[in-house]
Amino acid sequence: MFDYSSIEQYHAQLQEGKVTCLQVVEYYLGKIRSTTHLNAFIEVYADEAIAKARQLDEQRAAGKPSGRLHGVITGLKDVIAYKDHQLSASSGILKGFSSIYSATVVERLLAEEAIIIGNLNCDEFAMGSTNENSVYGKVLNAADETKVPGGSSGGSAVAVQAGLCMVSLGSDTGGSVRQPADFCGIVGLKPTYGRISRYGLIAYASSFDQVGIFGNNIPDVALVLEVIAGADEFDSTVSHKKMEAYTAPPATGKKFRFAYFEEALNHPSLDPEISTAIKALAEKLTGEGHEVKPVQFDLLDYIVPAYYVLTTAEASSNLSRFDGVKFGHRTANKEAELTQFYELTRSEGFGKEVKRRIMLGTFVLSAGYYDAYFTRAQKVRQLLCDKTKAVFNNYDFIIMPTSPTTAFSFGEKMDDPIAMYLADIYTVMANLVGVPAISLPLFKHSNGMPFGLQVMADRFRELSLLQVSAQLMDADKS
Amino acid sequence: MTDYSKYEIVVGLEVHAQLQTNSKLFCGDSIAFGAEPNTHVSPITLGHPGTLPKMNRKAIEYAIKMGLACHCEIERYNYFARKNYFYPDLPKGYQVSQHTTPVCKGGYVTIDTPEGGRNIRLNRIHMEEDAGKSIHDADPENTCVDYNRAGTALIEIVTEPDITSAEEAFAYVSEIRKLVRYLEICDGNMEEGSLRCDANISVRLKGESRLGTKVEVKNLNSIRNVKRAIEFEAKRLMDLLDKGEPVIQQTRSFDANNGTTFATREKEDADDYRYFPEPDLAPFHLQDEFIERLKQGLPVLHKERIKNYSSQYQLSAYDAGVLTEEKALADFFEKIIEHTKNYKAAANWMLGPVKSWLNENNKEIGGFPLQPEKIAAVIKLTDEGKLSFSVASTKLFSSLLNQPSKEPLQIAEEENLVQQSDVSSIEPLIDAVLEKLADKVTAYKKGKKGLISLFVGEVMKQSKGKADPKVTNELLLKKLKS
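Same order as they appear, the protein sequences are chains A and B. For the first sequence, the working numbering gives the first residue as 1, with consecutive numbering after it. For the second sequence, the working numbering gives the first residue as 1, with consecutive numbering after it.
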């Protein structure tokens, strides 16, 4: 039976002829079939994956060179466009819509011979922290099926957690990759804003969104990043900065400077066990010769409000195109006048949380409220950027929890959106300031659930972020 | 009856010019007019989920060129904003526009008035994307939408409320049209909608310093209709004021069939477009060198050419005006005079035979088959007396048009059009004629000087029209004296 540990090991097995892509695809399809109750996948591209696997096996047999993601079983969050495949953002307004083009990240995955096995459930339009806001229903956490997998990329996290694919892509606007990775006990990376093209990623909040990567280990995540990152003529917000070789072997035994925010580790909303675990890790790192220091950070309470003002503002505009005129759901009412047509189409198509955020965003951009909300939130964002920059002048990394609690139970926070939003306190900062951040599955709670450590680095410092992550993961194993 | 002389008109114009870039403002789709509906529509134009705008650098260049030609200040730090509203012809539910941060600020456009040149101040010139077109009469049940035009690059040129009459508005839009065509950034075609104009009109008592309530008139699809609409609307507003009735701020549309305007939308509740910076487009800095390079590349504009044509080439104001009507025409003229110093003749050729040919064949100068050098060569032939202007402009010109690559002299020789002006070939003919008409010679010598034309005519006849009449005349006079 196939046993997966890393892309490198899988490729070695292929080269040694111990396994074929076809066998591997069938293995994964079998696992997907036996776990449909987790509801991670929306659609499984079984026939295509089998055909692709056959082709790759023939190609290898013919001695042709292999792509860097040769036969790697990959899942896509349902917000990433893949030509001629369904793309719905788990929303009723796009149910049945098929994309007419592929996202840049998909083109790059395919160019390196990845096998895309299916698209993955998520919160509608990537809005949510539990994956309960999906037109396809909730996704179950494979570690405890009474718990949420986190969100919004819940399906992408569970697919990797439950071994239904090797790696998966998600999107992270305020923690949508890191928080489900934390809840599911896997690695979740959100790169620097502008590191990966957003072309073909359905926008939630354009100046925050970034494609993120789920994996079981750091080398897998680094390899996928190396394949999909970099300049793209279709996205002017992508950096032209030269990419580092993310798969470069880490320098061992290097000493780093870590900062942490005392306010963050002593925040009333934080589960004491998580706080204790991270403080203990800090001590351990100090003991190993790293520098770990507290840094004063008095903006913590402004982060979540600023985040929700700005993201909902952008979302209210980004989601205007879903109007029933050109594609997607259209009201069946043929008598509707234009305004009524829009109202009916959008009321029928969007779910509750999406409507809430569209209304919030419309409100904060409205004349009379604009300066009090949008402009002030922009100022907070600028302050945060300045403050973060100052921290990174003196430190290599900031460490903090990914989430204040372990995975919630279903329905726990659905009636209290504010409480739900406040749980994003540790993840939204990286999106507000655009820095890379990763959640590493280092801990297990006494309640049996996993939780992670979040590490943030300065903009475009993915290489050192991945290297320190590898060190932390290895230390955890030993 | 209203005493219209009590009032004055205040007009501000917003002109939208469609930029003649090869592709749209934010994607590679073609902008060609008249294509089958929805054929120039990529996923980006249609605003499909996940698409992003991609900046067209040419559009920035064109906008800056217009700004430089209008003496504007060029903004170095630029970004776009989203103007949010729902309409079926707006694919994304927002228009990407520089509404809040125009690339060109201030500046002015000089118009011709009977009192001389007058500067109309500009508020700004900004870039934005065009919407698609809603077509209401294609289907009895539904409105159809054509997105070919959606995303086409526009500049909006906004004046200050400096225009004081319908005639000035006419002159202003004519000047803008000429400018965009000279700069080759827009074809200026108002009928096809590449140049569109909205007028903000208000009236007030003369001497009043406050502006009256304004009305915005849209759908002005020709320069003449700009004038007609302002005339009608100003009168309507003055009549209202005269009757003591309030002017309502509203949007009106011009009906070209009867020359009137009608209300389309009350504007009491100002729309809230919720502008905010477009996060999908990286802001861009314009370098001084880039702007300087564009400045150096600007063509000499019509105003300056008119000046040059009168001062350097001694052309009449009228000739200079007609020659500079179109840049291509003026360029052609300037090409001719690179090869001849006879400027007046060059102008005559342009305004005479060349223009008539263009009119008859309904062509632009770009479609004229002859190279400017050929016209210069023909001028040289007439200057040298080898050909009269009438032979050159009729016989030679039409032969040349049929064989545009041949040298004019060669054609003239082949078709035996060259005048004989050398004495040795004309003299024998004269001698023969004088001998044949000996009695007339006697009469001439007795004082019937009018007979000279008879002798000239006879020599011309003998030469089959090729003898140079001037030389023949001189020779005859000399012979008859002896």
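These are calculated hints, taken from the structure and not from any lab test. These figures come from a predicted structure and were not determined experimentally. Don't be surprised by glycine CBs; every beta carbon is placed ideally from N, CA and C. Any given hint might turn out to be false.
Just so you have them, the derived chain A footprint on chain B, three or more residues with Cβ under 8 Å [claimed, not checked]:
1. 42-52
2. 81-93
Cross-link-like lysine-lysine pairs, in silico, DSSO-like; alpha carbons within 27 Å at most [stated by the list, open to error]:
3. A:Lys334 / A:Lys255
4. B:Lys54 / A:Lys83
5. A:Lys326 / B:Lys133
6. B:Lys479 / A:Lys242
7. A:Lys241 / B:Lys54
8. B:Lys303 / B:Lys344
9. B:Lys303 / A:Lys334
10. B:Lys445 / B:Lys395
In silico contact screen, one side only, chain B against chain A (beta carbon under 8 Å); selected entries [stated by the list, open to error]:
11. Asp272
12. Arg274
13. Pro279
14. Asp280
15. Leu281
16. Leu286
17. Ala432
Cross-check of the supplied hints:
no. : hint                : verdict
1   : 42-52               : holds (count 8)
2   : 81-93               : holds (count 7)
3   : A:Lys334 / A:Lys255 : violated (67 Å)
4   : B:Lys54 / A:Lys83   : holds (20 Å)
5   : A:Lys326 / B:Lys133 : holds (14 Å)
6   : B:Lys479 / A:Lys242 : violated (93 Å)
7   : A:Lys241 / B:Lys54  : holds (18 Å)
8   : B:Lys303 / B:Lys344 : holds (19 Å)
9   : B:Lys303 / A:Lys334 : violated (57 Å)
10  : B:Lys445 / B:Lys395 : violated (38 Å)
11  : Asp272              : holds (5 Å)
12  : Arg274              : holds (4 Å)
13  : Pro279              : holds (4 Å)
14  : Asp280              : holds (5 Å)
15  : Leu281              : holds (6 Å)
16  : Leu286              : violated (15 Å)
17  : Ala432              : violated (83 Å)
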